[in-house]
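Residues per chain, in single letters:
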Amino acid sequence: MKREDFIIRFAGEGGQGMVTSADGLAQAASMAGFHVQTFSTFPSQILGGPTWTQTRISTTPVRSSGDAIDVLVCFNREAYDNHKGEVRDDGVIIYNSGDFELESDGKSFGMPFEELAKSTGNARAENMVVIGAFAHLVNMPQEYLDAFVTTRFSRGRTGDDEIIRSNIEAMNLGRTQAAASGFSLAEMAEPQKPDYPQILIKGNEALSAGALAAGINFYVGYPISPATPILIAMERSLVGKDQFAYQASSEIEAINAIIGGSYAGKKTMTATSGPGLSLMSEAIGMAWMTEVPFVVVNVQRGGPATGLPTKTEQSDFQVALHPAHGDSALPVIAAGTVEECFYAAVAAVNWAERYQGPVILLSEMMLAERAQNIPRPETNKLKIEKRDVYKGEEGYLRYEAKGISPMPLPGSPGSYIANASEHDPYGDTTHLPERHVHMMERRFSKLKLLEDGEFESRNTDASIAVMPWGGSKGPTDEAYDILVEHNQKVAWYYTMFLHPLPAKLLEELLQKDLVLVPELNFQGQFSGYLRSLGIKAESITQYTGLPFNVSDLAQRLEERLGAITKGMVKA
Amino acid sequence: MSKKNPEYDFKWCPGCGDFGVRRAIEMAMQQWMVKSEIPVERNVVVAGIGCSGNTVHLLEGPQPYGFHGIHGRSLPLAMGVKMGNPDLNVLVVAGDGDFLSIGGEHIAPQAARNLNVCVVVMDNGVYGLTKGQSSPTSLQGAITSSTPFGKVETPVHPLNLFMTLGVSFVASSFSSKVKEMAELILQGMEHPGFAIVHVNSPCTTYNNTYEILKGDPKNNIPPVVYDIPASHDSSDHAAAMALVQAEGIPLGLVYKEPNSLPLDERVAATTSKAKARTADEIFDALVI
Numbered sequence: 062m063k064r065e066d067f068i069i070r071f072a073g074e075g076g077q078g079m080v081t082s083a084d085g086l087a088q089a090a091s092m093a094g095f096h097v098q099t100f101s102t103f104p105s106q107i108l109g110g111p112t113w114t115q116t117r118i119s120t121t122p123v124r125s126s127g128d129a130i131d132v133l134v135c136f137n138r139e140a141y142d143n144h145k146g147e148v149r150d151d152g153v154i155i156y157n158s159g160d161f162e163l164e165s166d167g168k169s170f171g172m173p174f175e176e177l178a179k180s181t182g183n184a185r186a187e188n189m190v191v192i193g194a195f196a197h198l199v200n201m202p203q204e205y206l207d208a209f210v211t212t213r214f215s216r217g218r219t220g221d222d223e224i225i226r227s228n229i230e231a232m233n234l235g236r237t238q239a240a241a242s243g244f245s246l247a248e249m250a251e252p253q254k255p256d257y258p259q260i261l262i263k264g265n266e267a268l269s270a271g272a273l274a275a276g277i278n279f280y281v282g283y284p285i286s287p288a289t290p291i292l293i294a295m296e297r298s299l300v301g302k303d304q305f306a307y308q309a310s311s312e313i314e315a316i317n318a319i320i321g322g323s324y325a326g327k328k329t330m331t332a333t334s335g336p337g338l339s340l341m342s343e344a345i346g347m348a349w350m351t352e353v354p355f356v357v358v359n360v361q362r363g364g365p366a367t368g369l370p371t372k373t374e375q376s377d378f379q380v381a382l383h384p385a386h387g388d389s390a391l392p393v394i395a396a397g398t399v400e401e402c403f404y405a406a407v408a409a410v411n412w413a414e415r416y417q418g419p420v421i422l423l424s425e426m427m428l429a430e431r432a433q434n435i436p437r438p439e440t441n442k443l444k445i446e447k448r449d450v451y452k453g454e455e456g457y458l459r460y461e462a463k464g465i466s467p468m469p470l471p472g473s474p475g476s477y478i479a480n481a482s483e484h485d486p487y488g489d490t491t492h493l494p495e496r497h498v499h500m501m502e503r504r505f506s507k508l509k510l511l512e513d514g515e516f517e518s519r520n521t522d523a524s525i526a527v528m529p530w531g532g533s534k535g536p537t538d539e540a541y542d543i544l545v546e547h548n549q550k551v552a553w554y555y556t557m558f559l560h561p562l563p564a565k566l567l568e569e570l571l572q573k574d575l576v577l578v579p580e581l582n583f584q585g586q587f588s589g590y591l592r593s594l595g596i597k598a599e600s601i602t603q604y605t606g607l608p609f610n611v612s613d614l615a616q617r618l619e620e621r622l623g624a625i626t627k628g629m630v631k632a
Numbered sequence: 459m460s461k462k463n464p465e466y467d468f469k470w471c472p473g474c475g476d477f478g479v480r481r482a483i484e485m486a487m488q489q490w491m492v493k494s495e496i497p498v499e500r501n502v503v504v505a506g507i508g509c510s511g512n513t514v515h516l517l518e519g520p521q522p523y524g525f526h527g528i529h530g531r532s533l534p535l536a537m538g539v540k541m542g543n544p545d546l547n548v549l550v551v552a553g554d555g556d557f558l559s560i561g562g563e564h565i566a567p568q569a570a571r572n573l574n575v576c577v578v579v580m581d582n583g584v585y586g587l588t589k590g591q592s593s594p595t596s597l598q599g600a601i602t603s604s605t606p607f608g609k610v611e612t613p614v615h616p617l618n619l620f621m622t623l624g625v626s627f628v629a630s631s632f633s634s635k636v637k638e639m640a641e642l643i644l645q646g647m648e649h650p651g652f653a654i655v656h657v658n659s660p661c662t663t664y665n666n667t668y669e670i671l672k673g674d675p676k677n678n679i680p681p682v683v684y685d686i687p688a689s690h691d692s693s694d695h696a697a698a699m700a701l702v703q704a705e706g707i708p709l710g711l712v713y714k715e716p717n718s719l720p721l722d723e724r725v726a727a728t729t730s731k732a733k734a735r736t737a738d739e740i741f742d743a744l745v746i
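Chains A and B supply the protein sequences, listed in that same order. Residue 372 in my numbering sits at position 311 of the first sequence, and the numbers go up by one each step. Residue 684 in my numbering sits at position 226 of the second sequence, and the numbers go up by one each step.
Hints in this document: simulated from the structure, not taken from any laboratory. Keep in mind that the hints are not guaranteed to be accurate.
Below, computed lysine to any residue pairings styled on SDA-like, alpha-carbon distance capped at 20 Å [to be verified]:
#1 B:Lys-714 with B:Arg-571
#2 B:Lys-462 with A:Arg-496
#3 A:Lys-302 with B:Arg-571
#4 A:Lys-444 with A:Leu-510
#5 B:Lys-462 with A:Gly-456
#6 A:Lys-442 with B:Ile-740
#7 B:Lys-733 with A:Gly-276
#8 A:Lys-507 with A:Ala-564
#9 A:Lys-442 with B:Asp-742
#10 B:Lys-462 with A:His-492
#11 B:Lys-672 with B:Tyr-684
#12 A:Lys-302 with B:Thr-729
#13 B:Lys-733 with A:Ile-293
#14 A:Lys-254 with B:Asp-742
#15 A:Lys-145 with A:Gly-171
#16 A:Lys-452 with B:Pro-520
#17 B:Lys-731 with A:Asp-303
#18 B:Lys-731 with A:Ile-293
#19 A:Lys-302 with B:Arg-724
#20 A:Lys-463 with B:Glu-465
#21 A:Lys-254 with A:Pro-122
#22 A:Lys-302 with B:Leu-719
#23 B:Lys-733 with B:Asp-722
#24 A:Lys-565 with A:Val-551
#25 A:Lys-550 with A:Arg-621
#26 B:Lys-635 with B:Lys-672
#27 A:Lys-302 with B:Val-725
#28 A:Lys-302 with B:Ala-732
#29 A:Lys-372 with A:Leu-108
#30 A:Lys-254 with A:Tyr-205
#31 A:Lys-442 with B:Val-745
#32 B:Lys-731 with B:Pro-720
#33 A:Lys-302 with B:Arg-735
#34 B:Lys-635 with B:Tyr-684
All chains should be modelled from the sequences, with the hints used to inform the complete structure.
Have a look at this one:
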C-alpha cells in the first residue's frame, strides 16, 4: 500500500544547511503537488548549536509538524544520539559518515555528505545529496526534483546552468548511495496537485502581506526573534511616497512612533515578541486612552523575560488582553495557521480602524518560521476598512459622544488634544468623577463593534467541547479526528477572535458542560479567561517550548473524557 | 484650549517661567503661520509629562492640534507625527525631567536622523509637578525633597550635550526674554532638521533661580546668562562647541548646521531607487 504522509527531520549544528534542506524539500514536494509544512528550532546564536528542522509531506493538507519521524538525517553524532529515539520502528536514519561512524543498528546507513557534494564541483550541494537519498527511500520520481532545482536556480545569471547540473548530480549521488544501502520505505502515493493557485510561504511573510493588503503604510519596529522578518519585509515593501518603514532604537520608540503616525492619519503597525511587548505596555495604554488605531503583532516565544527566544509558547494571552496598567482590555486576534497569519493581519487592521484603538495580533514562533503551501489569497476580494474621519469645521469635540465618533486628522479642521490623562470632550485634562465614568464607558462600549468575528464549529450537539486557540489549532484538529474515530461525543470550536469573542460563539460555549482548551502555557491562560466569562473551561497544558504532539494530545483528551464518562471526575 | 475650561484645573504657579515660554511659542507659531501661509490646524504641539506638558492645554488663540503623551516619550511620538505627515509643523514641548532624564535615550537617535521637529526644553532644574525632587540639571549638592542630604550627581549640561550628540540646531534662551525666545523658536521651526531651543525657565516654588541667572549688580553678583556676541558664527561647529564649554550660559543661536538634510528627505533619497512591494508582489515570488 502506498503511504500518504512522510516526515523527514534534519538534525545537526546550526550553519550546516538544516533550514535550506527543509525548505528545499518543501519547495520540491509542493511543486510536485504535495502538501507540505516545515518546522525548525534552533538556539539563539549566529552559527552553531544543536539545530533541527523537519519537513512533513502529505497528499492531503498538513495540519501539524507530525509525531514520529520516517527519515532522520544526522549531520553529526550528537544529532543521532538526541533524535534516534523519535524515529518510527520502520524508519530510516541517514548519517553523515564524513563526520562519524556508527555500529550497525539495523536502521541506519551512512554517506559522506560533504565529500559527495564536493565531487559534483559544488560544495554547497550537501542538502541536495540528502534530498536525493530521501527521494530514493520514498520512491519519489526524479522529475519532481529536477523541476524544482531548475526553477530555483534559473535566476538569469551566468553559472545558473552549472549550479543546476551540479545540484541534480548531487541528488543522483544521494539516490545511488541510498539504493546501495538496501533500505527503502513504502512508496509515496501520487500527489493530487490542487486545482487552485498556491503559494509556499512562511507565517511571518503571510502576516506581513496581510498587513500590506489591509493598507498598512507606516511601520516602525525593533529587531527581536522571532518577529524580525516582519520588520525586514515591511522595510522592503513600504518605500516611496506616503509610505514609511523604519528600524527604531527601541520598542518604546517604535510604539510611540506608530501612535504618532496613526494620529497623523496613517495605518500603522509594529511587530515584536514578549520582551518588546512589555516595553510597549505604557504607550499601548495611552493609545487605548487617546483612541488611536494601530496593530501590535506579538510573535510569541517562550517567556518570561528573555525566556526561550527561539522556542514556541502560547504564554502571552493574558498580557495581550491586558498589556497596560489601569482599566483596559485590548482586542486580541490570534492566528492559528500560516494561512490565518494573512487573514488575521487583515482582520486586526480592520478592527483597529473600526474601533479606533490598538489591537493585539498574536502569532507564535512555530507559525512564524513555518513554510507551508496555502491557497493564494485573493487580495481583490478582501473587505478593507478605514476609520471614520472627521470632515467638518473647527469647534469639534472628538470625545463628546457616548460611543465611537469621527477622528479628526492634523492638517484638516477639527483640532483636539489626544491626551494620555483622563480628558474632557476636547481632550483637556480633567479629574471630574462623572467625566471618568463617561470616558470609561465610552472606551469599553467600542468593543461591542468587534463581536462579529467568524468561528468554526462541528458536532455542536455534544455537551463537551474541544477548543484550541492559536497555533495549537493544527495538532488539536488532528487529535480531534482521532477522538471522532474512537466515537467520542465531543464538539469542536475554534476562532481567531479571542477578545471580544464572537457573540454567537460565546452564547454556544456558555451552554457546554465543559470546554477543553489545549494550550502551550503553564497557567492555562485562555481557559482562565473563558471561565471569567462564565464558561466551564479547563486547559490541557504543555510548556516544553515545543508544539503538541498529536498522539499525546489525543491520549490526554481521551483520558479526560474517559474520566468524565466513567463519572470519576465531575465535568 | 482657547477659552476658560471649567473642567481643566491645572495652573502654573505665579511667576513661573513657563508663562513666558508659552507666550513665545504663541508668537512664534503666529509668525510661522503668517510667513508660510499655513492654517493653524497644520501645527501639532507634542508634549510629555510635567509642568511643561501642560503648555498644550494652556495655549491661547487659535488652537493647533495637540498630543499630550506619556512621560518622556514626546520625541518618538513627534517622530511618528512628522513622518506620518511631513507637511505638518511639529513642535515639541518638554521639561528637564521629561527630556533629559526619562526621555534622555531618545535624543541621540533623533539627532542622528535629523528629525525635522523643533523642541522647546523648559528647564527649571527641578521636578515641579511631583513637588520638588532633583532633576538632571539640579546642581550638585542641591537639597531637594528627594536629595535630603544634597544631590550626588554632577548636573547635565544641556547645551554641551546637544552639541555633542550632533543636534543640527541648538539655541539657548531665558524665560524672561520672550521676544528673543520667540525669534529663536521661529528659526528652529524653519530649520530643516532637528532643532532644540533650550530655555532656562525658573520654578518660583521649588527652584527660584531668577537671581542667580540674572545676577544681582547691587550685591556684586555677576549674571550667569549672557548674550552671545554678534561676532559668533553659528555655522561654525568648533566655535559653537567652544561657546557651550565655556563658563556661563550663552543666550541666542549657538549652532545651525548649514547643509542640514532632514530625516524625511534622507529617507526619500535613500529609497529613491527602491520599488515598493504589494502583497500580490510578495505572492508572485512564492508561487508554486
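Broken hints, numbered, in rising order? none
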